[in-house]
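These protein sequences, in sequence, are chains A and B.
If you read the first sequence in full-length UniProt numbering, its first letter stands for residue 1, the second for the next number, and so on.
If you read the second sequence in full-length UniProt numbering, its first letter stands for residue 1, the second for the next number, and so on.
No lab work stands behind these hints: they were computed from the structure.
Check each hint, because a few of them may be wrong.
Identical copies look the same in the list; a pair holds intra-copy or inter-copy alike.
Quick list of in silico lysine-lysine cross-link-like pairs, DSBU-like style, CA-CA up to 35 Å [what the hints assert, rightly or not]:
no.: 1; residue 1: K278; residue 2: K438
no.: 2; residue 1: K100; residue 2: K443
no.: 3; residue 1: K590; residue 2: K85
no.: 4; residue 1: K347; residue 2: K417
no.: 5; residue 1: K199; residue 2: K347
no.: 6; residue 1: K357; residue 2: K262
no.: 7; residue 1: K347; residue 2: K524
no.: 8; residue 1: K524; residue 2: K671
no.: 9; residue 1: K526; residue 2: K417
no.: 10; residue 1: K357; residue 2: K85
no.: 11; residue 1: K671; residue 2: K347
no.: 12; residue 1: K107; residue 2: K567
no.: 13; residue 1: K567; residue 2: K675
no.: 14; residue 1: K593; residue 2: K671
no.: 15; residue 1: K524; residue 2: K107
no.: 16; residue 1: K417; residue 2: K357
no.: 17; residue 1: K357; residue 2: K90
no.: 18; residue 1: K593; residue 2: K417
no.: 19; residue 1: K471; residue 2: K671
2 protein chains.
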Amino acid sequence: MTFMFKLLSPLLFFTLSEDKPPLKKKIPRCRKNMNPNQTVEDESHPSITAASRRIQCLSLHLTPLPPSQPSPQLNMLTCAKAANKLEVDKVSLSTYMRGKNRDIQEKIIEFFESRPDLQTPVGVSMNEHRELCMRQLVALVREAKIKPFRYVVDDPAKYFAITEAIGSIDVSLGIKLGVQFSLWGGSVLNLGTEKHRDKYFDGIDNLDYPGCFAMTELHHGSNVQGLQTTATFDPVTDEFIIDTPNDGAIKWWIGNAAVHGKFATVFAKLILPTHDSKKVSDMGVHAFIVPIRDSNTLQTLPGIEIHDCGHKVGLNGVDNGALRFRSVRIPRDNLLNRFGDVSQDGKYTSSLPTINKRFAAMLGELVGGRVGLAYASVGFLKISVTIAVRYSLLRQQFGPPEQPEVSILDYQSQQHKLMPMLASSYAFHFATQYLVQKYSEMKKMHDEQLVADVHALSAGLKAYVTSYTAKSLSTCREACGGHGYAAVNRFGSLRNDHDIFQTFEGDNTVLMQQVAADLLKQYKDKFQGGTLSVTWNYLRESMNTYLSQPNPIIARWESADHLRDPKFQLDAFRYRTSRLLQSVAAWLRKHSKTLGTFGAWNRCLNHLLLLAESHTESVILAKFIEAVHNCPDARSRAALKLVCDLYALDHIWNDIGTYRNVDYVAPNKAKAIHKLTEYLCFQVRNIAGELVDGFDLPASVTRAPIAMQSEAYAQYTHHIGF
Amino acid sequence: MTFMFKLLSPLLFFTLSEDKPPLKKKIPRCRKNMNPNQTVEDESHPSITAASRRIQCLSLHLTPLPPSQPSPQLNMLTCAKAANKLEVDKVSLSTYMRGKNRDIQEKIIEFFESRPDLQTPVGVSMNEHRELCMRQLVALVREAKIKPFRYVVDDPAKYFAITEAIGSIDVSLGIKLGVQFSLWGGSVLNLGTEKHRDKYFDGIDNLDYPGCFAMTELHHGSNVQGLQTTATFDPVTDEFIIDTPNDGAIKWWIGNAAVHGKFATVFAKLILPTHDSKKVSDMGVHAFIVPIRDSNTLQTLPGIEIHDCGHKVGLNGVDNGALRFRSVRIPRDNLLNRFGDVSQDGKYTSSLPTINKRFAAMLGELVGGRVGLAYASVGFLKISVTIAVRYSLLRQQFGPPEQPEVSILDYQSQQHKLMPMLASSYAFHFATQYLVQKYSEMKKMHDEQLVADVHALSAGLKAYVTSYTAKSLSTCREACGGHGYAAVNRFGSLRNDHDIFQTFEGDNTVLMQQVAADLLKQYKDKFQGGTLSVTWNYLRESMNTYLSQPNPIIARWESADHLRDPKFQLDAFRYRTSRLLQSVAAWLRKHSKTLGTFGAWNRCLNHLLLLAESHTESVILAKFIEAVHNCPDARSRAALKLVCDLYALDHIWNDIGTYRNVDYVAPNKAKAIHKLTEYLCFQVRNIAGELVDGFDLPASVTRAPIAMQSEAYAQYTHHIGF
C-alpha cells in the first residue's frame, strides 16, 4: 500500500498574477482584539460607522491579512496559532461537563486498568471474546462489587453512567450488560409484578440468572405487533404453551441466547381458549419468562432449539442466538402480568381497555434502552473525536516551501471534517444529559405528559445521535488516513460495534417516523386547544410567528453579532421545523383522501423524516444554548459559546437551500453565514486540543497509540515491536 | 437486541379531516400512457394547451390518484407494481454492460467455485487468512494458469478485469494480487529498464519472487517527496547503502512485508558523493530493488528489521509490515533506472532536467493503481447494492390495516436510500470503463496530453467513487437492518476491506486537490490560448456561456421533458463547475497576495474540493449520457435513460442551494426537480430487480444468503443450522 502525491504546481500561476492588491482600510478603534497582522478588506464592510464598530470588530477577523513578515506563507499558520485564540481552563471546563456519577465511572475504569487479564485484546476470536465478556461482567459484579441492576429503575442516571464507562472498556461488554440488566432484567421489573421481582431480582443482579430478551423474530423486527410466536393457555395444567408456528417466527438475534442465557423473556401472542365458535382468542403480544437452559448443566431444555447466529459485523463478544419453541410449557405465573393477567380459569383481566393500549404501555416501559443508546453513542463519538483531533494535531504533512510541514488540523478541509463534529459532540452531550434527567423524572413521577415527551425525545435523540456517530466514526478513520486503519487505533472496532446502534431498540428510520407522528399529534392538539408537552412548547409559542412571511429586512442582516445571537439561530432552526410541519400536515391531509392513511404517510415519508430531524436539531440547539448560558466559568462559557455558534451556523449553512427558497435568508446573508462558519471552524480548531481535553477521557479509554498525549508515534512503533 | 415500534396513530387525524378534496382535471388525450387510477391535480399544471399535452402526460404521473377500488391504501402499492413500469430485457441489458474480458472473469469465478478449500470462511483469523490468501494466489497462477502480470502493461483492461473478479472472491486476495503484480511488479516494469525486466519478470509472474512496494513511511504518506530513507552510493564497492535515518522513516504499511515478501522496491533519497564542501548531493526520491528475505529460508536478511503491522480494520489477509534498514548494501544495478541512472564513478544521468520532473515522471507511471481502485470500487458498490435491493424486495414490514405487509423497497425512505445509489452504480460503471479505456490507450501511445488527462481523471474518479462506495456500504447495512449486521451478509467485511481504498494510492482529499489544480491549470491555459485536454473540453466550449447571467426564462422551465433533457442536465452540472472554477481562481489570486501560495490554497481548500467534486460529477454524467445514447437495444436504452435522469436530477436537487442562490433555478423549477426526482426514484424502484440483475453477478459473488434469488430466508436459517 502506498500514498502518492503530485505537486500542486499549477497553483504557482496565481501567485504570479499581475493584479494589484485590493484596497484595505484600517479601523483604529478595535485594535485591542486584533492580531497586528490583520486589517479589513473592502468587500465585507462597505460602511463604517461608530455604531457598527463592534460588530465589525468581530466579523473582520474573517480575513487575515497582508504580511509584514517576509514569509507570507506562514501568515495563515501564525494566525492559526496565535490570533484570537480563546483561553480555555481545562479543569473548569471538564468540571462543568462531568456528571454527578463520575465517581463510579472512575472506579470502573480503575478496576479494569488494574486487571490486564480482563482487557479485550485486538483481534480476539469470537469464542474467546464471548467468554471474556462474561468474565468481565462477572468480575464487575462480584469482584469490583458494582451491581448495576438496582439502578435500572431506582437511579437511571447512575445506571447509564455505568454503561457508558463499561462501554468504553469494550462495547460488547456494554451491550452484554445491557441485555442482562436493562432488557432481560428490565422486562422482569417493568412488565412483571412483585412476585417476579421477588423471584428473579437476586439471580439477575448477581448473574446467577443470565437471561435474554426474545422479542425479534426472523420475519419481524420493527413491526412487533406482527410477531407470530404463540403462548396458548392450557387451563387443564394451568400452563402456557410456547410455540414457533413457522420459520419466520424463529426468535432471531437474541443476545445471551447462543451460550450463556438460562432464561428468556419471550414475546408472544397470548392465545386464550373461548367458548365461541372460534375456540380461541388472540389477546395480542405479551411477555413470558421461559427457562431455556438447565441452571446447572447449561443444557438446552426440551422443546427448545437454539442455534448460534454466528459472526456479526461487530459486537462479537455478545452471543446472539436463534430460538425455536416446540410446545414448551411454562407455569401461568411466568406471564409478566403488569399490564394484563390470566386467571386460573382462563379469564383475561387488565387495567387497560384495548390491545393497542396494552401494547403501547408495554413498549413504553422499554424506552430506557433508547435513552441508554443515545447516551452511550455520544460517549463513542467523544472517544473518536478525541483520537482524530489529537492525531490531527500531531500529524504533519506538507507545508509552505522551505518551511516545516504543518499540522494536518491546520488544513481547512480537515477542520471542515472534524470541527463541526467536535461541536456536535458537545451539543449531544448536553442534549442526552437532559434526556437522562427527563427519563429519571419520568421513572419517579409517571406523569402522562412526561411519558409522551420522553418517548418522542428518546426516539429522536437515539435515532439522530446514533446516525450521526456512525457517519462520524467513518469520517474520523478517513481523517486519520493510513494510521487510522490500524486496528489498535480503534476506529474499526468502534464503528463495527456501534453500527447496530442505528438499528436495535428501534430502527432509526422507524423512530424518526414516531417523532414526526408525535409532532403531528401536537400540531393537531394545538388547533384543538390542547396543551403541548414541554419539548414541543416552542411550536405553540411560535408557530404563528414562524409561519408568517420572513421579515425581508432581517433576511439581509449579516453582522456577526446578529448571526451569533442565539435568538437568530434558534429562530432559524424552529422556523424550518414549523414550516416543514405545516406543509407536511397539509400534504398528508390532501394525499390521505386519495391514497388512504398508509399511502399518504408513505408518499410524504422523506418529508416526515426531514421534519423529525429538523425538530430534533432544534431541541439539541436549545439545550446547548441553555448549557452555555448556565456555565458558571466565564472562560469555559466563552469557549462553549464559540462551539455552540459553530454547531448552529454549520447546520443553517448545510440547509441553506431551504432558507434561500423561502427568502428567510437573502444572498448576502447566506454568504455571511458561510464565511462566519469557516471562521468559527478555524477558531474552534485553535482550542480543539483543550476542547477534547474537556471530555476528560482517561488514556485507558482512548487507548489508541496515535492519540497519546505524549510520544504518540513512539508508543505506536513500540506497539508493533520496535 | 430488539427492534421496537409504536403505532403511528396520530396520523389517523389526517384522514378524518373535513376539507374537501381539491379539484381534479381530466386530460382526455393522454390516456394511453396513464394508469387508469391517475388524473391530474391542479397545482402542478395551471394551463393546459395542446402543445403542452405531451409534457403534461409525462409529468402528471407524479401524482397517483383517487381510487375506484374500495381500498385506497393499496393504491400507491398497486401503482408501485403496475403503473408505468418499463419492460427490461435483462439479457440485452447485461450484454451491454459486460466488458470484453468477461470470459476470463468467469473462468476465475468458476475455478474458485470448484475449490471450497480456497474460499475464505467468515471469521477467519488473521494468520490463517494471510496463509489462505497466499495459497489462493498461488493456485490462481499455478493451477488455474491465470497469470495477471503480463497484462499489467500489455493489456491493462484485462488486468483490471482479473482484479475485479479476484476482488469479488476476497478483497484481501485482490489487494495481495495488486501488491505483487501492480505495485511490486509494476514498479520493476515501469521504473526499471530491460535488465530488470529480464531478471525479475518470470519470478514475479510465477510467484517465486513475492515482493513489496516500500514507499510509505511512518511520518510520510501523502507527501512522498518528504520521504527520509536514504540510498547512498558507495563508488568503492559500486553499491547503494540503504538506511533508515530515524523512526519517522521506518517504512510502514508495506504489503507482503510481514510474512511473504522476498524483495522490496524501496523508495529512498538518492545520495551521491560530490567533490564540493557539502561532500554529498541529494538527488531526490528514487526506487531501488532491495532483497529483504533469504529466497530459500525466508529468513530476514542482515541489516533489515521487520515488524508486523498487525490487525487492520480490514484486509487482514494482507500481511502488512514495517521495515527498518541499517546500512543495507545493494548492487548499483538495483536502482530502477528508467528516469535517472548512476554510473560506476558516481555520475548522475537522466533524460529529465529537474528533480521535480523526474519525481513527477516516476509517480506518473504508478497511476495504474488508481485506475484499478476506482474500477474495483464500482465492483464492490454493485455487489452491495445488489444485496440491499434484493433483500429490500424480499423483506416485508408493516402495511395498510388488514392488508399484507409491504416490501420495504415500497417505502419512499428506502427508495431514497437505495435508488440514487443504484443509479450511481450504473453511472460509475460507464465512467470507469471509459477511464480504463483511456488508460489502456495511454499505455500504448504515451501521448503527453493523454497522460495529463488520465492522471487527473484517475485521481478524480478514484477519489469520488471510493468515497461514494464507502458511504454506500454503510447505508446498505443500515437499509438491511438487523440481518444486514450478520457477517455472512457481507456488508461488514466489504466495508472494512474497502475502507482504505479512500486512502491508499493517494488520499482522496489530496487527490481531489490534484484535480482542482489541474482544472486551474486548464483555466489558465484557456486564457493563454492553449489547448485543453479531452475531458476538460467542455470548459472551453462553455465557460463563456455558463458564466453569463442565467437565463431567467429557462430558470422557470419545469416540464419533465425539459428536466429530462440531457442538455439541461449537463448544462446544470457544467454551469456549477464553471462557476466554482471561475470564483476559486479569483479568490486564489486575491488571497495569494497576502497569504502566499500555500496559505491561499489552504484558505480556499473547501471551495477547491467542491470544484473537483463538481467537475468529476460532470464527467461521470457526460459518460453516462453517452452510454445511454450508444445502447443498441431500445428497452435497455429506456431503462438506462430513466436511471441516468435520476442520477442527474438527484445531484441537482442535492445542491439546489447553489442553483437557487444564483437564480439558475427559480423556485417553481426547484420544486419540479424535487418532485420529478421522487417520481424517478419510484420508477427506478419498479425495475430495481431487473437493474441489479443487469450487473450479472454470479451467486458465488453476491454470496449473502439474504440476497439469494430463491428462498433467501430458508438459505439464511439453513446457514446457522436450522
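Hint numbers contradicted by this structure: The structure breaks hints 1, 4, 7, 10, 11, 12, 15, 17; every other hint is satisfied.
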